[in-house]
Amino acid sequence: MSNILIQLEDLTKVYKVGETEVQALQGISYKVEKGEFLAIMGPSGSGKSTLMNIIGCLDKPTSGKYYLDGEEVSTFDKNKLARVRNTKIGFVFQTFNLLPRTTALENVELPLLYSDVHPKDRTALALSALERVGLKDRAHHKTNQLSGGEQQRIAIGRALLNNPSLILADEPTGNLDTKTSAEIMNIFTQLNRENKITMVMVTHEPDIACYARKRIYIRDGKIIREEIGREGCEEKK
Amino acid sequence: MNILRTTRVALLALSRNKMRTFLTALGIIIGVGAVISMVSIGEGAKRGVEDRFNSMGTNLLFVSPGSHARGGVHSGAGGYINLKPEDADAIEKQCDAIKYTSPAVNTRAQVVYSNKNWNTSIQGTGARYPEVRNWELDQGTYFDENQVKAGAKVCVLGSELKKNLFEDEDPIGKVIRIKKIPFRVLGVLKSKGQSGGWFNRDDMITVPYTAAMKRLMGVDYLSSIDIQAVSMARTKEAQTQIEELMRIRHKIAPGAVDDFEVRNMSEIAEGAAQATGIMTILLGSIASISLLVGGIGIMNIMLVSVTERIREIGIRMAVGAREKDILLQFLTEAVVLSVLGGLIGVFFGVGLSKVLKYISIFSQFKTVVSLQAIIMAFAFSASVGIFFGFYPARKASRLDPIDALRYE
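In the order they appear, the protein sequences are chains A and B.
Going by our numbering, the residue at position 17 of the first sequence is 17; the numbering climbs one at a time, nothing skipped.
Going by our numbering, the residue at position 284 of the second sequence is 284; the numbering climbs one at a time, nothing skipped.
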C-alpha cells in the first residue's frame, strides 16, 4: 500500500479564450503523501486555482496524469469524477458556498443526498460532523443568520461528512478576520493531526500558509519553489 | 438519488420560495380548472339534450310529407298534402314492427275560458298520443278511440295552458272555447319542461285530430304521423316497413322520388348529441390552451430559478451530484409544481362546475363533472410539467461546476 495520496505527472492545462490559447499549467509534477498539510501559493493568474480544480476533480488536465489514492482519475468521465468528489474529497471555499435559506444541518447533509447513505443515518452523521466543528447547537439555524466564521465551520462540517481522504480549501480565510481565521486554521490543523486527513489549501496569505507543513509556490503554471517545515516563516513570529 | 429523495429535495426547494411556487402553479391551476369546468358544461349540455330526447321516447318515428318539385321549383318540406288518416291506419295495421300510430295536425288559435284567453298551439292527435310520445297524464283521462272516430269536441290541456286558464281551479269537465267552438276538458298532461327556450312544450292543448281537421282547420290531410316502434332495436326495421308501405300506397314508381319522409328520433337525438359533443371538444380545447400557457409559465420561472440558483447547482456538483441528479432535481421540481397545480386545479374546476349553476347566465346549463375530463386534465398537466421542465433542467445539469461555483 503506497503512502502517496496525490501524484501529479507532467500536468498541463490549456484554455481557449476566443482565438488565443492560454497555458494555465505547464508541466506540473508533484506528490502529496497521506496525512500531509500542503499550501499552494502564488499570485493571481499563476494557475493555482486551475491546479486546485484539477486536484479537486472539478476539471480535467489537457495532458499528463493525475493519480488520486492509486486511481488514475485523469481518465475518469464526469459521472465517475462526481463520485470521487462525493466520497474522497471535501471542499472548503472562500465564499463558504452554503445553500441560502437552508438550515446548517441540511447544508451539512448535502453530500449524503448523493451517496448511498440511508436517510435514517443521515441526520446522525450530519450532527456528529457539526459537533466536530463545535456548532451542534446551531444545527437548526438558517445559514444567513450565522456569522462568517460559523458559516465556514459549517462548510468544514459538510466537507467532513463523507470521511474524505482529502480536504481542499480554496482561500478558506479570505473573507474572515484574523481571529476567526486562526480558529478555522486550528480546526484544519487538528483535523490533519488527529484524523490524518490530508489537507491541500490555496492561499496568498503567508501567515496562513505557514500553518501547513509544506508550501509550494506557483508562477506561470510551474512550481518554482518548495518549502518544508517552518522554513521562511520564522521571521513572522 | 432515488425518486423519493429527489421529490423531498424538490419539495424543500419549492418551499423555500412559497409565493413564487404558488404563482407558478397558478397557471396550471387555472388551466386545469378551466378544462374541467368547460368540459363539465359541455357534458351537461349533452346530457340535457339526451334527457330531452329520452323523455320524448327514442323509439319514435315521424312520417311527414316530402317536398315536391314542379318545373324545378321545390316547395320545401311539407309541400305535399297527401298524408291521410288512412295512411296512419294502414301503417299501424300492416307493419309488425310498429306498436302505435298517432296522426297529427297542428295549428294555433285563441283558447278562451270564462274571462281568460290564451293563444296557444293546438295539436290534433290520435288516442295513442300519450303512449307514442311517452307522456303521462297529470289528472283526468285522454280521449279514446271512439271519441277520435266521432271527432268529439274534447280536449286535454298542457300544464302551462292549464295554469294560465284555470290557475288553481280543477279543469276536468269544464268547457273551453277554441275558435268559438266549445270543447270539454278531459285531462291535463304532466309538465315536460322547456324544450329549447323558444318553445314551451307545456303551452299547448291536444284535441282529437279528426276534430281539429274538420272543425278547426277544415282540411283533409295530416301534417305528420307520429309512430312508436315496438322497441328501440326495431326502429330501423320499422322505418323500412313504413317506407315500403307508403311507396305502395302512394303509387311511387321504383326510382322515383318519395312524396313523404320518414325520420326516427334516435337519429335526431344522435345528431343533437353529436353537436353538443363537438361543443364539448371545442370548449375543452380552448381551455387546454390556458393549460399550455400555464406550462410555458412553469418553463419561464424554472429558467429564472436555474439562473438564480447557479451557485447552488455548483455546490451540489462539488459535493458529488452528477448531471443526472441535477437534471432529475429540476425536472422533479417542475413536475411537482405542475402536479400540485393540477391537483388544486381539479378541486378548483370541480368547485367551479358546482358553483356555476348559481350564476344567473349559466343557470340554464346543467354541469356534469366527468371523471374522464379530470383524469385527462390532470395527466395533461403532469406531462406539461415534464415537457416544459426538461429544458431548464437540462440547462442546469449542463453547467460547468467551476463556472457555477464562481458565478456571482
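To be clear, the hints were calculated from the coordinates, so they are not data collected in a lab.
We treat Cβ as the ideally placed atom computed from N, Cα and C, and that holds for glycine.
Treat each hint with caution, since some may be false.
Unchecked claim - Stretch-level coverage of chain B by chain A, calculated; a stretch enters the list once three of its residues show a Cβ under 8 Å from a Cβ in chain A:
| hint | stretch |
| --- | --- |
| 1 | 2 to 12 |
| 2 | 315 to 328 |
Said to hold, decoys possible - Here are the computed lysine-lysine pairs in the DSS-like style, where the Cα-Cα straight-line distance is at most 27 Å:
| hint | chain 1 | residue 1 | chain 2 | residue 2 |
| --- | --- | --- | --- | --- |
| 3 | B | 84 | B | 174 |
| 4 | A | 120 | B | 324 |
| 5 | B | 153 | A | 16 |
| 6 | B | 324 | A | 88 |
| 7 | A | 60 | B | 366 |
| 8 | A | 31 | A | 78 |
| 9 | A | 78 | A | 60 |
| 10 | B | 395 | A | 80 |
| 11 | B | 18 | A | 142 |
| 12 | B | 395 | A | 78 |
| 13 | B | 190 | B | 18 |
| 14 | B | 324 | B | 190 |
| 15 | B | 192 | B | 366 |
| 16 | A | 60 | B | 395 |
| 17 | A | 80 | A | 142 |
| 18 | B | 324 | A | 80 |
| 19 | B | 236 | B | 163 |
| 20 | B | 236 | B | 93 |
| 21 | A | 78 | B | 174 |
Comparing the hints with the structure gives:
1. Beta-carbon proximity to chain A at under 8 Å applies to 3 residues in the stretch 2 to 12 of chain B; the threshold of 3 is reached and the given coverage holds.
2. Under the rule that three or more residues need a Cβ within less than 8 Å of chain A, the assignment of the stretch 315 to 328 of chain B holds, with 11 such residues.
3. Restraint check: the Cα-Cα separation between residue 84/B and residue 174/B comes to about 32 Å, which exceeds 27 Å; the hinted pair is violated.
4. With a C-alpha separation of about 24 Å, the suggested pairing of residue 120/A with residue 324/B holds against the 27 Å cut-off.
5. Our distance criterion of 27 Å between C-alpha atoms is broken by residue 153/B and residue 16/A, whose separation comes to about 107 Å.
6. Between residue 324/B and residue 88/A the alpha-carbon distance is near 20 Å, which keeps this suggested pair within the 27 Å criterion.
7. Under the criterion of a C-alpha separation no larger than 27 Å, the hint pairing residue 60/A with residue 366/B is inconsistent with the structure, at around 67 Å.
8. Between the alpha carbons of residue 31/A and residue 78/A the distance comes to roughly 24 Å, so the proposed pair stays at or under 27 Å and holds.
9. The suggested pairing of residue 78/A with residue 60/A holds, with an alpha-carbon distance near 9 Å, which does not exceed 27 Å.
10. Between the alpha carbons of residue 395/B and residue 80/A the distance comes to roughly 20 Å, so the proposed pair stays at or under 27 Å and holds.
11. Our distance criterion of 27 Å between C-alpha atoms is met by residue 18/B and residue 142/A, whose separation comes to about 17 Å.
12. For the hint linking residue 395/B to residue 78/A, the alpha-carbon distance of about 16 Å falls within 27 Å, and the restraint holds.
13. For the given pair, residue 190/B sits about 58 Å from residue 18/B by alpha-carbon distance, which is inconsistent with the 27 Å threshold.
14. With a C-alpha separation of about 70 Å, the suggested pair residue 324/B and residue 190/B falls outside the 27 Å cut-off, and the hint is violated.
15. A C-alpha spacing of about 16 Å is found between residue 192/B and residue 366/B, which places the hinted pair at or below 27 Å, so the restraint holds.
16. As the CA atoms of residue 60/A and residue 395/B are separated by approximately 21 Å, the hinted pair is consistent with the 27 Å bound.
17. Note on residue 80/A and residue 142/A: the hinted pairing is violated, with a Cα-Cα distance of about 32 Å set against a maximum of 27 Å.
18. Restraint check for residue 324/B and residue 80/A: the C-alpha separation of about 12 Å stays at or below 27 Å, so the hint holds.
19. About 39 Å separates the Cα atoms of residue 236/B and residue 163/B, which puts this hinted pair outside 27 Å; it is violated.
20. Taking the CA atoms of residue 236/B and residue 93/B, the gap is near 18 Å; set against the 27 Å cutoff, the hint holds.
21. A hinted pair counts as satisfied when its Cα atoms are at most 27 Å apart, and residue 78/A with residue 174/B does not qualify at roughly 98 Å.
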